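Visitor: Spelled out from the first residue to the last, the chains are:
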Amino acid sequence: MIAAPDLRVDLGDLPLRNPVMPASGCFGPELGDLIDINRLGAMVTKTVFAEPRSGNRAHRLAETYAGMLNSVGIPSRGARAFIAELLPRYRNWSPPLIVSIGGLTVGAYLEIAERLTRVAGIAAFEVNVSCPNLEAGGLEIGAEPQVVEAVVRGVKERVEVPVFVKLTPNVTSIAAIARAAETGGASAITAVNALMGMAVDWRTRRPRTGTAMAGFTGPAIKPVALRCVWQAAQAVAIPVIGVGGIATVDDVLEFILAGATAVQIGSATFTRPDTMVRIIAALEARLSDEGVVSVRELIGALRTDSPSATVPMQAG
Amino acid sequence: MDHGPVTSEYLRLGLHAPAIADLAQPGQFVMLTVARDADTAPVLPRPMAIFRWERRTGRIEIVYRVVGEGTHRLSQWSVGQVIVTVGPLGRGFVIPSGTRRIVLLGRGIGTCSLTALAAVAAAQGVDVRALLSARHADALVGGDACRASGAREVREVVDNDGSSDIGLVGAWLKERRALGVDQIYVCGSGRLLDLATATGVSVQVSLEAHMACGIGYCHGCASGHPGLGEESPLVCRDGPVFQLPAV
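So the protein sequences, as listed, match chains A and B.
Letter by letter, the first sequence follows residues 2 to 317 in the numbering used here.
Letter by letter, the second sequence follows residues 195 to 441 in the numbering used here.
Relax, there's no trap hidden among the hints.
Label-pair distances were calculated between CB atoms; the ranges are:
no., chain 1, residue 1, chain 2, residue 2, range
1, A, V201, B, Q275, 29 to 37 Å
2, B, Q318, A, P133, 47 to 55 Å
3, B, S272, A, R90, 35 to 43 Å
4, A, L35, B, H266, 23 to 31 Å
Everything labelled a hint here was simulated from the structure, so no lab data went into it.
Quantities reported herein were computed from a predicted structural model and do not represent experimental measurements.
We put the beta carbon where it would ideally sit given N, CA and C, even for glycine.
This is chain B alone, in the form it adopts within the complex (with noise of 0.2 Å):
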């Protein structure tokens, strides 16, 4: 339907996906494949998180950045040809039922799982508060999403002016934490998920991983081990969103 830049650093990708739009929940994902008309390379289709969806329209958008050859490849694509597209796909967040703050902390490309989320939270009446995190003003996303949805709180913070350092964010974190938060939702940081767990909050992470099915047969994104008497989690069947049991 259209695919330009937001930023410098992404471009989004608008389809005309109605059964995916119809079914669509915040944090599921689809599969994109990236090889066009005939081709047969590149190998593997690209796992990529719904920035957001309208049932009305059956639309769904997409937005990633230029990492590597796959999305170099799907940059190229323009409006009016077909991209064989599955979704959605995996376990979505889930808002549990009398749920009346959440916080969301989001980091670069990660914030883009985020998004949908703060729409379908705060239509619910629930008190949203999202930090978005990025090396630069240019690689915060979904700012505006989230202002537009409705959330109570959009704070962004980057790397080039120290807003983004830790302490701040956890100190953040901590004066929202205190207002009574029911659920801390992540995508996108390491560090944000540490701070996240310390809270004693229940905490559900959205995860990455490489994957060529997409649907679970596949096994190429586990995570497991040599020895374990059992496969670990799939990111694209059990995930990728997990629910950390509060401490």
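In isolation and in its complexed conformation, chain A is listed as follows (with noise of 0.2 Å):
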């Protein structure tokens, strides 16, 4: 009789059952009617903000070639909310749960990150920086490595559990984000958020959705997500959470070779509610298969040195 393959991960302090969890903004309560949340990795909610705000005006949602649009602008019903209604719900399912945060200023992160301080039942906090700052002409708070690093220490010194950072994909150097990221004290680096990209409607002249720009993610990004992990696992220490475009569990093997320790679910939830639990067991089953005694033996296991650059894996 052969052991199952472990699945168990360590972000940082942070141990995981398995490296699969959801993307923030792609997951709710509402999916426990749906799927088995207790198989997951982790929970991670949509972004919390210190105050309520709405998001953008329709249309929210765009299609693209094997992608999505989304300019839902993350509304939020801010911490109050967050602490009376919505965080018990998640009460109701083991896995450790990752609240992400997000501002429109330093202050603000700062503000939700006290706001949330010694509240039972956060495992940990994700720090969504792919919010414009209003201090700097809208510009992303995650595309300056200082002022990322700024964010991360405010909020790692008001929290006192593992602070993870989400980075955005919109930046020259991913590696110098991440860097600035692991200097402000993050536990883990989750990359990428959505690219920034467009659609038009040429017939009616106007964007497809309700703001111009909007969020690319989906299948069609995966290959620039996967380059961007690659970078950051290359560039930090700290764990690499991978997200973009992954819909099987080929492509969480591809995430998991170029260095991350877990991966992250989101358009592929939309596509097929039962995603992530199908990923799951198709992991266990493919390691199996392969013989990996333990998902960890692959992380950031990519092979570049033979001009080949083969992998000691079967696709199929």
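Please dock the two separately framed chains into a single complex, following the hints provided.
Guide: Here it is in structure tokens:
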């Protein structure tokens, strides 16, 4: 009898029973009606802001070739409603809860961190730095290494659980931003958030989403996300959580080889609500077939030494 | 179970979905994953009104028109394949107790969410009057279903003979209003909605929106504005049917 492969991974001080979790914004307690959330490696909330805010005007979604655009705009019910109404619903499940937090100024990140510190039931924070910085003309918070470092350090000083940072890919050097996050005290890097994209309906002469620019996600962005994970993993010693276009178990293995310790599933949950649980089952079967004892053996195990750069696993 | 054209405009998809047929209420919808087998695209499933269902056989029926990539792909599904279908979703139409007479106003494919309402209301002894509007005869759908389910009156009007003229429809509605109408149900047309709200009768309207999750966590189907203190209602979870108060 061969033992089942070990799917456990550690994100710094946070142990996960398996490396598969949802991407922020693509998950909520509502999914509990459709899938067994207890199967997941972790749960990740939609980004919480200190104060309530609405999202953007319609249309907020547009489909693209093998992908989608969203201009949802991160609506949030604010810290008070999150603690009183949303957080208790997540207590129905056992996987650790990672709370995504956001702000439009450096100070706003510190405020939400203060309001959620020592709130029971939060295993880690994921700082969403893909928000427009109102103090810097709307440039993304996550585009400036010094700003990222300051935000992470400030949040880290105010909370007692691990702090992760979700990077935006819309930057010149993902490595520089990853290092800034690490210097600020991050326990892990999540790479990457949506690419900025756009879709136009030439017949109506309008953009297809209410805001002209929108977040581009789905299988179409996988090569970019994989490259970002690779670069971030080369740049820092802390774990990297890979996200961007992952829809199959093969995608998961590719991200892990490129350096991801865990992965997040976003748009693919829209395509099929049971994508995460199917991937977890397939991952166990695939590793078992390949004789891999622990998924940890594969983290960053991408071989780039030989000209053919072959990977010691069979496709299929 | 079955899949094919109803008219030159519309296709009908019959699915064996007993769990959905068991729970469905008029005005609810399903999310259909149009990506096949292991395909990972198209990424977004398509929200579709449940045209009718039968608890005994577990069959649900979707009527749709090919308008883009998703519905084109859907049209290529054949009998015997398994399509990921999530539902029934959303808040459907409500027939308040004591309702005696209702008017249904549907336009084009929007009629599809009203047919089941006609059946349920007629079965409760409610006097159902339906006006179904479309560009031309082949774009009309649901008239036969409404008649078969016992609607007292089904008027079908089209653009190409002028019968769908908003003045004529308004006059028709006014006559029905004079008989005493408890609720007006609208789907598929802003102009029909305007006529309905102008009567002063309580109106329920079914709205359409682009959707990703269909169950409320993605917020892709709301229509808020930046700067609002609160997120606006979600079409998938708070709707698709919204009650407008009587004036």
